[in-house]
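*Asks:* Sequence:
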Amino acid sequence: MRHSSRNPVTTLALSLVLTLTALPGVAAEPMEGEDNDPTRNIDNQPPVNGQTNELEVQLADPEKQLPLDELRKFTEVFERIKRGYVEEVSDKELLNKAIDGMLSGLDPHSAYLEPEAFSQLEESTSGEFGGLGIEVGMEDGFVRVISPIDGTPAQEAGVQAGDLIIEIDGTPVKGMSLEEAVKEMRGEPGTTIDLTIGRDGESSPIEVTIERAIIEVDSVRSRMLEPGYGYIRISQFQQNTGQEFRTAYEELVNKHGNELDGVVLDLRNNPGGVLEAAVDVADSLINEGRIVYTKGRIESSQLSFDASPGGIAENVPIVALINSGSASASEILAGALQDQRRAVIMGTKSFGKGSVQTVMPLGDSHGIKLTTARYYTPDGRSIQAKGIEPDIEVRPAELRDVESARRFSEADLPGHLENGQKAEEKSDDTGTDESEEEAQRKDYQLRSALNLLKGMRILTPEKDKAAGTKSEGANGEAD
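Mind the numbering: the sequence shown is residues -27 to -1, 1 to 452 in mature numbering (1 follows the signal peptide of the UniProt record, and there is no 0), read in order.
It cannot be assumed that every hint is accurate.
Stated by the list, open to error - With a straight-line cut-off of 20 Å between C-alpha atoms, the simulated SDA-like cross-links for lysine to any residue are:
id, residue 1, residue 2
1, 46, 56
2, 322, 359
3, 156, 166
4, 147, 137
5, 268, 353
6, 156, 339
Stated by the list, open to error - Taking CB as the label site, the calculated pair distances span:
id, residue 1, residue 2, range
7, 411, 365, 20 to 28 Å
8, 223, 65, 51 to 59 Å
9, 45, 337, 30 to 38 Å
10, 366, 65, 50 to 58 Å
11, 74, 427, 53 to 61 Å
12, 89, 124, 39 to 47 Å
13, 428, 69, 52 to 60 Å
14, 112, 53, 31 to 39 Å
15, 69, 368, 39 to 47 Å
16, 45, 74, 12 to 20 Å
17, 283, 415, 35 to 43 Å
18, 196, 365, 16 to 24 Å
I should point out that these hints are in silico values taken from the structure, not numbers from a laboratory. All C-beta atoms in this analysis are idealised placements derived from N, C-alpha and C, irrespective of residue type, glycine included.
Could you put together the complete structure from these sequences and hints?
*Replies:* In structure tokens:
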């Protein structure tokens, strides 16, 4: 992976912390959406040199200094609150709230990070954290579930993407800040919490009891769908997701005993995470060209990431699944695969978070998270508030169980005539596990992706594949 920046002084790893999450206030940990974003290497980071210099220039420029009238207004309001508010309030609390108001009023993702929130930034990328296992954001005064994390108590309790959390342990969420709601949902592992949930299609609220736990999440899971066809799911982007992805692919190849005939890459309900991890996965699948670039007002926000030669799954058809829960870093990956014609994107339109947040430490224990740039796909598309449109739209639908219609037959009639021939023994060796067949039956989008891969396999002659010719649709070049 080649990374270039127009600011030679700063680098992403040492100076900028780019964070990508899904909804307002989605937090450091990818469950209950605190007011911080997944990031890495953020301890004691100094302010970005380029940003500090630009700030100093602005302060030295009389035309860019704050107007005295506005400063007087601020100090007057500050003093009136100090003197007249019904309860005593400290200077520190008022100033913190003023800073928070400045940031939260800009956009849903900018925020002031107090010590507790700031200290949790690294937690999101470690893959281990406490809570229920849900990614959330604030919407119309309620807590909206972006997605439950795979294998967590929330998912096992039936919490679904799109659910609105109305009450927490009987206390209405309306009026709470996202941070307050998250604190209410946290607690000691083994303790329980009662959530009242509103869900589309349900006439009355749903009551759910969930036992809190320490959540250990593997960001990558894989399995064989059928001989020759693999499935890799990325639930979120953590620091090591790129390496985990490559390891998962190699294990599938070893299990099959040969190069795969196709791969389904599942990015559904992936709320995002570490930008570099998404770029790393894309770089594993794309041999050349742009992966993503960012543009903002400050020089240090002008970044670009390019693919490097070599990788995995070369010439192997890929179908990537997305939906409305696919956000941020997962949209970067989907957009790169789509623009570089490396995969067919299937499913429904993604969430549409195309902004980049930079975490700027203020001292050792707090900082700010500021939206500093928009990101763009290789073809120059901004997906902010638009999302990634799939190449093939497939809405989720459970396949109708037709077994009951077939079960009643001539053989079920009382007194039916026997066939008269010895019954043939049926082989159970179909190459597909029964549980896998059941999983695909329930997941129409996954089944559609597998069928598409099979069709692409039929249309791609072996000799072309061996010669390195890319298949139409999967890689964008005609045979």
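*Asks:* With reference to the structure, classify each hint as holding or not holding.
*Replies:* Cross-check of the supplied hints:
For the proposed pair residue 46 and residue 56, the alpha carbon gap of about 15 Å is at most 20 Å, so the pair holds. Restraint check for residue 322 and residue 359: the C-alpha separation of about 9 Å stays at or below 20 Å, so the hint holds. For the hint pairing residue 156 with residue 166, the CA-to-CA distance comes to about 12 Å; that is within 20 Å, so the pair holds. The hinted pair formed by residue 147 and residue 137 meets the criterion: a straight-line CA distance of about 11 Å does not exceed 20 Å.
For the hint pairing residue 268 with residue 353, the CA-to-CA distance comes to about 11 Å; that is within 20 Å, so the pair holds. Distance hint between residue 156 and residue 339 is fulfilled; the C-alpha atoms sit about 18 Å from each other, no more than 20 Å. Remark: the range hint 20 to 28 Å for residue 411 to residue 365 is upheld by a beta-carbon distance near 24 Å. Between residue 223 and residue 65 the beta carbon distance is about 53 Å. The supplied range of 51 to 59 Å therefore holds.
Look at residue 45 against residue 337: about 32 Å separates their beta carbons, and that is inside 30 to 38 Å. Taking the beta carbon of each, residue 366 and residue 65 are about 52 Å apart, inside 50 to 58 Å as hinted. Evaluation of the 53 to 61 Å hint for residue 74 and residue 427 yields a pass: the beta carbon distance comes to about 55 Å. Taking the beta carbon of each, residue 89 and residue 124 are about 27 Å apart, not inside 39 to 47 Å as hinted.
Between residue 428 and residue 69, the C-beta spacing of about 58 Å keeps the proposed range 52 to 60 Å intact. For the pair residue 112 and residue 53, the beta carbons lie near 33 Å from each other, so the given range of 31 to 39 Å is met. The supplied range of 39 to 47 Å is met by residue 69 and residue 368, whose beta-carbon atoms lie about 45 Å from each other. Roughly 18 Å separates the CB atoms of residue 45 and residue 74, a value that falls within the hinted 12 to 20 Å.
Between residue 283 and residue 415 the C-beta distance comes to about 37 Å, which sits within the given range of 35 to 43 Å. In this structure the supplied range 16 to 24 Å holds for residue 196 paired with residue 365, their Cβ-Cβ distance being about 23 Å.
In this structure, the one hint that does not hold is number 12.
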